[in-house]
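Participant: Below, each chain spelled out in residue letters.
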Amino acid sequence: MIRNADVAIIGGGPAGLAAAVECYEQGVKDVVIIERDVKLGGILQQCIHNGFGLHMFKEELTGPEYAQRYIDKVERYGIESLLDTMVLEITPEKLVYAINPRKGLVCIRAKAVILCMGCRERTRHNLKIPGTRPAGVYTAGMVQRLTNLEGFMPGKEIVVLGSGDIGLIMARRLMFEGATIKGVYELMPYSTGLQRNIHQCLEDFDIPLWFNHTVINIHGRDRLTGVTVVEVDENRNVIKGSERRVDCDTLLLSVGLIPENEVATVAGVQLDAVTGGPVVDAARQTNVPGVFAAGNTLHVHDLVDYVSEEAEIAARGAVQYVRGEALDTAGDIQVSAGKGVRYIVPQVVNAGQESELYFRPDDVYRDGELKLCAGDEVIFKKKFIRLTPGEMERIRLNTRLLDKAGGRALSLRCV
Amino acid sequence: MLDVLIIGGGVTGCSIARELSRYKLDVALVEAKCDVGKGTSSANSGIVHAGYDPKPGTMKARFNMLGNLMFDQLAEDLQFAYTRCGSYVVGFDDNDMKTIDKLLVQATLNGVDGCYKVSREELLEREPNLTPEVTGALYHPSGVCASYEMVIALAENAMQNGVKIHCSNEVTAIKQLPDNSFEVTTTQDVYHAKHVVNCAGLFADIISEMAGAEVIKQKPRRGDYFIYDKKHAGFVNTIIFPCPGPMGKGVLVIPMPEGNLVIGPSSTDTDLRDSNYTLQEELDFVWNNATRCCPDLPRTDVIASFMGLRSEGAEYHDFYIKASDKLKGFVNLSCIASPGLTSSPAIAKYVAGILRDELHLNMQPDPDFNPRREGISHFSHMSWEERAGIIEKDPSYGRIVCRCETVTEGEVVDAIHRTPGTVTLGSVKYRTRAGMGRCQGGFCTCRVMDLISRETGMSKEEITTRGEGSNIVMGRIKELEMEGGAEDDKEC
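These protein sequence lines are chains A and B, in that order.
Residues 4 to 418, numbered by my numbering, are exactly what the first sequence covers, in order.
Residues 13 to 504, numbered by my numbering, are exactly what the second sequence covers, in order.
None of these hints come from the bench; they were simulated from the model.
Every residue, glycine too, gets a C-beta built ideally from N, C-alpha and C.
Stretch by stretch, here's where chain A covers chain B in the computed footprint (C-beta under 8 Å, at least three residues):
1) 313 to 324
2) 393 to 404
3) 453 to 462
Label-pair restraints from in silico Cβ distances:
4) B/S465 to A/G334: 50 to 60 Å
5) A/D40 to B/G481: 26 to 36 Å
6) B/T468 to A/H202: 43 to 53 Å
7) A/W213 to B/T312: 20 to 30 Å
8) A/F208 to B/A245: 45 to 55 Å
9) B/K110 to A/P192: 48 to 58 Å
10) B/A245 to A/K131: 13 to 23 Å
11) A/I5 to B/S287: 47 to 57 Å
Work out the full structure: start from the sequences and follow the hints.
Facilitator: Structure below.
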C-alpha cells in the first residue's frame with residue numbers, strides 16, 4: 004500500500020511537532036507525522052522538570068507541558084499522526100517505508116521529508132572505559148525514563164560521569180528520591196551543560212562537581228560496586244597517582260549525544276563530521292532535494308525552544324519546496340567555522356534569504372569578540388563576556404549583512 | 013537414572029548433548045550460570061578455523077579439520093549466523109613468508125584442502141584496507157559464526173530431541189555409588205546418572221577433582237576485543253590473521269556474519285576463571301596490533317569491548333578428552349581452547365564414541381531425531397514482503413523494540429519463551445541481538461524489561477542482566493514506595 008503526502012515528518016518529538024504545526028499554518032495541510040512511540044512528544048515526555056519554553060512562550064513549562072502546547076495544535080488542525088510506527092528506510096526518491104503492528108507495512112510517497120529523529124546517548128563503550136560489565140552503568144536518559152515514567156530507582160549511591168544537562172538534572176532528581184550523589188566528574192575544565200543547571204541542580208544541593216576528572220575503570224562483576232576516578236592534565240592525560248576508588252552502585256553517563264541519522268544515510272544524506280547531523284542550507288535542506296532536517300537530528304541542542312524554532316525554519320523550507328518556490332542555488336554562500344568555533348549550522352546560506360546562524364565555540368572564551376568575515380573582510384563584530392561549548396549561540400544574518408557579503412564565503416571566528 | 017549427565021552448557025557440552033539426542037538415551041545437562049553459552053563460548057573470535065595451525069597428529073589438528081567440514085551443514089540445520097568468508101594469514105617480511113610456506117605444508121599434513129598462497133598485489137586488490145607493507149598471504153577456507161547463537165541453537169535442538177537442560181544449577185558434589193553410577197548434587201537438585209561427562213570449561217579441573225578423577229592442569233588465558241558499529245561492514249571481507257606466534261594466532265580483524273567488525277584478541281595468561289574484566293593495556297595491545305595490519309581502522313565507532321577466557325593446557329598443548337582411568341563412567345573434557353569452537357561437532361562425535369565403545373553405553377539410534385532447529389525469525393533479515401506477511405500473522409512483529417538492530421517485539425517474546433533458564437536481559441540479547449547495537453541497550457532496555465515482565469510475570473525489580481545479583485533497578489521511587497506501604501497497611 005503506497006499513499007501520498009505533501010510532507011512526511013519523521014519523528015513526533017519537539018522538532019517534528021513544531022514542523023508539522025508550521026507546515027499547516029503555512030498552508031500545506033497534507034502532512035503526516037510518523038512516530039515510533041504510542042504517543043507524541045518524544046523525549047519531552049520524560050523531562051518532568053521545568054525550564055522549557057522561556058524563549059518560545061515566555062513561560063516556564065515542564066517537558067510534557069511544552070509538548071502539549073504543540074500536540075493540542077496538531078489535534079486541533081487534524082494533522083495525521085501515525086503512532087507506534089517505525090520508519091525503517093527512506094529512499095532518495097522520498098519513499099518512506101515504515102512498519103506498524105496494525106497497518107503492517109506502511110509506504111508513504113512524500114513530496115518533502117523533514118527528518119526529526121532526535122539523537123541517542125553516548126555509552127561507556129564510546130569512551131572505551133575498560134573494566135567489568137555489571138548492571139548499574141546507565142546513560143542518564145535511560146535512567147530518566149526508568150525513574151520518571153516507570154517509577155524505579157536505578158540505585159542508591161550514584162556517580163555521574165559528564166556534566167551534560169540530563170546528567171545534572173538526574174543527579175538532582177535522584178537526590179530528591181533519596182539517593183546519595185557521590186559526585187559529578189567532568190573531563191573538561193568546564194561544564195558541557197547549561198550554566199543554569201550547574202547552579203540549580205548541583206550548587207543549590209551541595210552536590211560535588213569535579214572538573215578535569217574522569218572514570219578510567221569500572222568494578223563489580225554482577226552489579227556495579229565502584230569506579231576508579233582520576234584527575235587529568237590540560238592535555239586530558241591521566242595524572243599518575245591521582246587514581247582513587249569511589250564506591251557506588253550506579254554510574255550515570257552524561258557524556259554527549261549523537262544525532263540519529265541511520266535512515267538519513269540510507270537516503271543518501273551527507274553528514275557533517277563535527278555535528279554528526281546532515282549538511283544543510285539556510286532552509287535546513289540536505290543535499291538530497293526535498294529532504295530537510297531539524298532538531299537534534301541536525302545538531303544537538305541544549306534548549307528545546309531553539310529546536311522548535313529550527314523546525315519551523317525547516318518546515319517553511321519544505322513548504323517552499325512543495326510549492327516549487329525553492330531558492331535559486333546560484334545565490335548559495337558557504338559558511339564555515341573559523342578559529343575558536345566548533346561548528347556552524349547551516350553550512351550554506353542563500354543571498355536571497357535572511358537566516359539565523361547557530362554555532363558553538365570550541366572552548367570557553369571570556370571578554371572576546373566574534374567576527375563574521377566575508378573572504379578577508381570583517382563584515383560583523385560583536386563583543387561577548389563569556390562563550391562556552393555547553394551553550395549554543397545564534398547570529399542573525401540579515402539582508403544588510405548578506406549584501407555586504409556580496410556572495411563571498413563566510414567564516415565565523417571567535418577571538 | 014539418567015544414562016548421561018553433562019556438566020557444563022558451553023559449546024562442547026551442548027554439542028555433546030545434541031549428539032547424544034540422536035540416540036534413545038536419558039540425557040540431562042546442568043549449567044552453573046543462568047543460561048547456556050555464558051563462559052568461553054560467549055566471548056571469543058567465533059572463527060571456524062581451516063586447520064592449518066595445530067601441530068600435526070594432535071587432537072586439535074584432527075578435530076579442527078573434521079569440525080570445519082561439518083560446519084556448513086550444522087549452521088544450515090540449526091540456523092545460526094555463520095559465513096564461510098575465508099581468511100588470510102598475512103606476512104610482512106621474508107621470515108613471515110617462510111612461516112606461510114610452513115603453514116601450507118602443515119595444512120596438507122593436517123588434511124586441510126583449499127589453502128593457497130596469494131601475491132601481495134592480489135591480496136591488496138581483494139583487501140584494500142590492508143597495509144601496503146604486506147608481502148603476501150596464505151588463503152584458507154575458514155568461516156566465522158556467532159558462537160553464542162550456535163550454543164543456544166545446539167541447546168534448543170537437544171531439548172527438542174529430549175535432553176533436559178537445567179541452568180543456574182551449579183554442581184557442588186559428585187559421588188560414585190557402589191553400582192558405579194554417579195550421584196551428582198547441585199545447588200538445585202540431586203541427579204543419578206550412569207555416566208558423567210565433564211564439560212565445565214574453565215572449571216573442568218575443579219569438577220574432575222571434586223569427582224575424584226584425574227588432576228588436570230589447565231591455565232586460563234584472556235583475550236580482550238573491540239567490536240565496531242555495523243556501519244563499517246565491508247572494511248575487510250575476509251578474516252585477517254597475522255603470522256602465528258607462541259601465544260597463539262595473534263590479533264585478528266574479523267568481519268562478523270551480522271556485519272560488525274571485531275578486532276582481537278589479546279592473549280595473556282591469567283588466574284581468572286570467571287570474569288569479563290577488560291584491561292586498558294590489553295585493549296591497547298589489540299589496537300596496536302590490529303592497526304599494524306589495517307592502519308586505517310576507524311578510531312571512532314567502537315560500540316563495545318569485551319573479554320573472554322579460554323582454558324589452555326598447562327602441560328601439553330592439546331585438548332584433554334578422555335574417559336577417566338580412575339573413575340569408570342566419568343569422561344573429562346578440558347583445555348578446549350582454540351580451535352575448540354570449530355572442533356566441537358567432531359569432539360561431540362568422538363565423545364559419543366567413547367561412551368559407546370569404551371564405556372559400553374547401549375546407544376540405539378532414535379528414529380524420531382530431528383536435526384533441524386527453527387531459529388527465531390529475524391525481522392531485520394526479511395524482505396519487505398516477508399515483513400508484511402509476518403506482521404499480518406502476528407502484529408507484534410510490527411513493533412520495533414531495538415532500533416539499532418531492528419528487533420521486533422515478536423522476536424523478543426519468542427526468545428523469552430525459548431530460554432531454558434531464568435529470562436534475563438542477556439538471554440534476550442543473545443537470542444535476538446536486542447541491545448547489541450550502537451546504543452548498547454540505551455533504547456531497548458526499558459522496553460525489553462516491559463516484555464519480560466509481561467510474559468513471565470517477573471517484577472521489574474527481579475529482572476537482571478545476567479542472573480543473580482545483576483538486578484537492573486533497586487526498588488521504586490519514594491511516592492510509589494509510599495503507595496505500596498499504604499496498601500500493605502490496608503491489608504492489615
